[in-house]
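Asks: So you can see what is in the structure, the chains are spelled out below.
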Amino acid sequence: SAVISQKPSRDICQRGTSLTIQCQVDSQVTMMFWYRQQPGQSLTLIATANQGSEATYESGFVIDKFPISRPNLTFSTLTVSNMSPEDSSIYLCSVEGQGDTLGTEAFFGQGTRLTVV
Amino acid sequence: DAKTTQPTSMDCAEGRAANLPCNHSTISGNEYVYWYRQIHSQGPQYIIHGLKNNETNEMASLIITEDRKSSTLILPHATLRDTAVYYCIVRVAYRRHTGNQFYFGTGTSLTVIP
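For the record, the sequence lines run as chains L and V.
Just so we're aligned: 11 in the numbering used here is position 6 of the first sequence, and the numbers increase by one with no gaps anywhere.
Just so we're aligned: 376 in the numbering used here is position 63 of the second sequence, and the numbers increase by one with no gaps anywhere.
Quick caveat, the hints were computed from the structure, so don't treat them as lab data.
Keep in mind the model is a prediction, meaning the values are calculated, not measured.
From the three backbone atoms N, C-alpha and C, an ideal C-beta is built for every residue, glycine too.
Where hints are given, some of them may not hold.
FRET-style restraints, in silico, Cβ to Cβ [as the list claims (entries may be wrong)]:
#, chain 1, residue 1, chain 2, residue 2, range
1, V, Gln355, L, Ser32, 18 to 28 angstroms
2, V, Met372, L, Gln27, 24 to 34 angstroms
3, V, Gln355, L, Phe80, 19 to 29 angstroms
4, V, His353, L, Ser6, 17 to 27 angstroms
5, V, Tyr407, L, Gln56, 16 to 26 angstroms
6, L, Asp69, V, Ala326, 45 to 55 angstroms
7, V, Asn366, L, Ile17, 45 to 55 angstroms
8, V, Ile426, L, Glu59, 46 to 56 angstroms
9, L, Gly45, V, Leu393, 19 to 29 angstroms
If we strip away everything but chain L, and leave its shape as in the complex, we get (with noise of 0.2 angstroms):
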């Protein structure tokens, strides 16, 4: 299994801001990726971010609203820029499974709750 820790667990920001979640991973994984999950809403996927290279992102996402920084193995933030209320939502970390779960689990941090007022 993986432990994701995710940093901060809430915040409550002003509108035009940035903010920076940090996520960090016990062990060192190839891929990572960032969900968004508005309230009341599933999840959906932002963009993937692959160690050493640019983050993919999903459609409707874009870097410049949400840039990501994979520094190592066991490291990622995911800025959310010029916030507006609309941003309000829980940002999640993931990463995919590694030995017995490699291809089958992906694990979880327990996100990043963001209101913009």
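Position chain V against the provided structure of chain L, taking the given hints into account.
Replies: Positioned in the frame of chain L, the structure of chain V alone reads:
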């Protein structure tokens, strides 16, 4: 994109079996059926997955129809802690060095009633 259809919500009495259906009529031959659940205020948790044979683990059983167009997740003895949103996802088999993303649909909100 999500390729599954699930009921929006279901109730189940505590101690009884919870049977959660999922339709995936456009599933391809190389796509697996995965089930995850999300308990309130937590990240999703893997439950089980399968290709075409029925599967069972310590958490649940997965029954896949012969034509693979639908499946049922069975929680044999539901407890209050099983109250969660259950997501059925289809995804191709793992491929090294490529994206292995999970795309979540709307899921089924299961409420276990005392």
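Asks: What are the numbers of the hints that this structure violates, sorted from low to high?
Replies: Failing hints: none at all.
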